[in-house]
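**Student:** One-letter residues, chain by chain:
There are 2 protein chains.
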Amino acid sequence: MSAEIICVGTELLLGDILNGNAQYLAQQLAQLGIPHYHQTVVGDNPDRIKQVIEIAISRANILIFTGGLGPTPDDLTCETIADFFGSPLVESPEIIEDITQKFAQRGRVMTPSNRKQALIPQGADILPNPTGTAPGIIWEPRPDMTIFTFPGVPSEMHRMWQETAVPFLKNQGWGQEIIYSRSLKFWGIGESALAEKVTAYLNLPNPTVAPYAGKGEVRLRVSAKAPSEVAAEALIAPVEKQIKDIAGLDFYGVNHDSLASVVGELLRSSGETLSVAESCTGGLLGQMLTEISGSSDYFWGGVISYDNSVKAGLLGVNPEDLDKLGAVSDTVAEQMAIGVKTRLSTTWALSITGIAGPNGGTETKPVGLVYIGLAGPGDEVTSFKYNFGTMRDRSFIRHLSACTALDLLRRRLLTR
Amino acid sequence: MSAEIICVGTELLLGDILNGNAQYLAQQLAQLGIPHYHQTVVGDNPDRIKQVIEIAISRANILIFTGGLGPTPDDLTCETIADFFGSPLVESPEIIEDITQKFAQRGRVMTPSNRKQALIPQGADILPNPTGTAPGIIWEPRPDMTIFTFPGVPSEMHRMWQETAVPFLKNQGWGQEIIYSRSLKFWGIGESALAEKVTAYLNLPNPTVAPYAGKGEVRLRVSAKAPSEVAAEALIAPVEKQIKDIAGLDFYGVNHDSLASVVGELLRSSGETLSVAESCTGGLLGQMLTEISGSSDYFWGGVISYDNSVKAGLLGVNPEDLDKLGAVSDTVAEQMAIGVKTRLSTTWALSITGIAGPNGGTETKPVGLVYIGLAGPGDEVTSFKYNFGTMRDRSFIRHLSACTALDLLRRRLLTR
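Chains as they are written, first to last, in full-length UniProt numbering: chain A, 1 to 416; chain B, 1 to 416.
One or more hints might be untrue.
Since the list can't tell identical chains apart, any single copy or any two copies may satisfy a pair.
Taking lysine-lysine pairs in the PhoX-like style, the calculated list, with each CA pair at most 20 Å apart, reads [as the list claims (entries may be wrong)]:
1. Lys102 <-> Lys215
2. Lys197 <-> Lys116
3. Lys50 <-> Lys241
4. Lys385 <-> Lys102
5. Lys385 <-> Lys365
6. Lys225 <-> Lys241
7. Lys170 <-> Lys225
8. Lys185 <-> Lys241
9. Lys225 <-> Lys116
10. Lys185 <-> Lys365
11. Lys50 <-> Lys215
12. Lys324 <-> Lys102
13. Lys50 <-> Lys102
Read the hints as simulated data drawn from the structure, not as lab findings.
Please model the complete structure; the sequences and the hints are all you need to start from.
**Tutor:** Structure follows, in structure tokens:
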């Protein structure tokens, strides 16, 4: 019993897109304990798709397809599978109804080409697609052989996998021994430094601990094999506790926590509020904070003071200081934070001013130089200077700036 | 003549890493004009690797392996390939010398396990690894069959590919005919509607035209096969022109253009400026605009008026209207746009107010309801109402809101 992942799409063969679907499905199969030994990528070509099916059925009995379910003529996955197993395609009134409704909701009319998406092999079950028009199928074309098809759009595929495929597979007995992971997240420490601190844990048999780094943060994935999530959590909990103790304030959260969500929870629990003044990040910090539903409870808003006239006009930054010290300076960062805090009447305020590059750097103020201001209760105001380095690109410097601002407030809120 | 990419590594089957190597090699093969119809991922298991080779040699004659060249016992790629073709492994004194030197440079001594990396099949050439200790091979184990092996570390693999594999393949006559693509981008039209409009182009032999959809936008990839980029562009140009004429204003840009960059160029060329007032997007629109280096030429900044007090206080929205009509209304959207335009003295202003969900929706104002305001020269102000639908998540609704705002300004700037 094993599964094979088959990703269909010429765009994968041309390297136009990264195969994130294969990674997602691989992780999901591991979590359910379903063995999986091969992944295959093939283009939108019926003959080659059939050859790939021929090979896959000789070595796996759960075939998971992604891609090629759209309305256009080069979307051939479903009809090719039906053809391979010698089954006719039938139009599903249920799918027609669903697609029609979805188009109506958007004030649009279903086009004839969408009708193609309602054709499924005789005997197959519909794998509903709540967020798109291309449904998948779950089909047992012969005994001991199950076929799933998913659209290539990742968000649609994920939801269909979670809502329909996982319950189906669990019903078949999978997921009795599961691999359950928790991701511990750190900010302000490098991967090798953290790995050295927790080196004793990196060779544990169960749970295992593995470090990952990316976009300025480090994660430790703690994975346990156990009959249930509860049993896995019991194996993970003591290790997690010990790692947190070792890491101290560098640990900030787990799993889907973000610096913004963690700061948000701290503000919510203290009943305090936050505003932001952004120059080089241009709205990114506000975007991160408001990505969290319910952030209106503690986030009032802010000012994107990209041009100096906005720093002076809307935030009350001293024009002489802007002239003399420049917009990228500790004084301006502090005045921006005070300015937005006062005008929006919040407990705390963060400000960011810096040079995100690639242009605009000078000898004394190179690309990557960023000042972050933090204003708090009463007259409290501090600024912090960073050099995020010229090796990093604009997008990364902006990301590091916004995350570091959140991290500064997080540490401040935790140490009072 | 075609190539197959074979990625070896249990970490890929566990979903621990994204298969960026496959994407990189796919792009490189396309650039060289080497046909490539299959990608296979297999774990560090000699029997399964052999089966995969058996299949690959039946359908391709250039086999490109990545991964499994390291010093640990689970790195088996090279010896398994040699075994498959019945060739003995021989120790290369050249590699031993190279590894010894690299360890010495780092002040370390070569371990016995590194000796394994010096074993290559008899008759194979070394594919040098300038930045790591694991070299690859270029080997013709039989006539008309070429095998490349690369380590899985992307930076090492890229350099080895460029410095040794590409010259080798060009020497064999590849790269005389390349595949060159341009991506045409559209906003405001669905994939199936666009495909129907340009249906005559979807079956062209050269260039080919293929539609893709994602994150609210539709793309057409136009790919030409030709002896050079210039020749490919000449094949693409007339088709691109005709498609643009058919699509009209729904076409917004090519390749790396974004709605923000296109709007930016329009503003730059007219010498005009922009400010934003954001509620439910919380800074995302400003973030998109400032992601572009040089945006300070036309983007002044804005106000994140997340809380109603900020809409009234910093933007001058009428508190009675906020009370009576609610923050999510055409009147408030227009007042936000006028407010930020006046205060920041810009030519144009965009505002966004809506319900991004998942909470906060009511019967009359459901999740997904978004008003976008656009203020322009003189007293010009308009608002637009959208329902981005309850099927979409918070992040997607915010993304659609910000992109739609940019698209509205783009259309306005193009039609005066």
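**Student:** Now tell me if each hint is right for this structure.
**Tutor:** Structure-based check of each hint:
1. Only between protomers do Lys102 and Lys215 lie at most 20 Å apart by alpha-carbon distance; the minimum there is 17 Å, versus 37 Å within a single protomer.
2. In the homo-oligomer, the alpha carbons of Lys197 and Lys116 lie at most 20 Å apart only across protomers (17 Å), although the nearest pairing inside one protomer, at 57 Å, exceeds that limit.
3. In this homomeric assembly, Lys50 and Lys241 never come within 20 Å of each other (Cα to Cα): the closest approach is 49 Å inside a single copy and 37 Å across copies.
4. Only between protomers do Lys385 and Lys102 lie at most 20 Å apart by alpha-carbon distance; the minimum there is 19 Å, versus 51 Å within a single protomer.
5. In this assembly of identical chains, the alpha carbons of Lys385 and Lys365 lie at most 20 Å apart only when taken from the same copy (11 Å versus 44 Å across copies).
6. In this assembly of identical chains, the alpha carbons of Lys225 and Lys241 lie at most 20 Å apart only when taken from the same copy (18 Å versus 57 Å across copies).
7. Taking identical chains as interchangeable, the C-alpha atoms of Lys170 and Lys225 lie at most 20 Å apart only when both belong to the same chain, with a minimum of 16 Å there against 47 Å between chains.
8. Taking the closest pair of Cα atoms, Lys185 and Lys241 come within 20 Å of each other only inside a single copy of the chain (13 Å); across copies the shortest separation is 49 Å, beyond that limit.
9. Taking the closest pair of Cα atoms, Lys225 and Lys116 never come within 20 Å of each other, the shortest separation being 42 Å inside a single copy and 30 Å across copies.
10. Neither within a single protomer nor between protomers do Lys185 and Lys365 lie at most 20 Å apart by alpha-carbon distance, with minima of 32 Å and 37 Å respectively.
11. Taking the closest pair of Cα atoms, Lys50 and Lys215 never come within 20 Å of each other, the shortest separation being 40 Å inside a single copy and 31 Å across copies.
12. Proximity of Lys324 to Lys102 under the C-alpha cut-off of 20 Å is found in neither arrangement, the shortest distances being 58 Å within a copy and 32 Å between copies.
13. In this assembly of identical chains, Lys50 and Lys102 lie within 20 Å of each other by CA distance neither inside one copy nor across copies; the values are 32 Å within and 48 Å between.
Going down the numbered hints, you'll see the structure goes against 3, 9, 10, 11, 12, 13, while the others check out.
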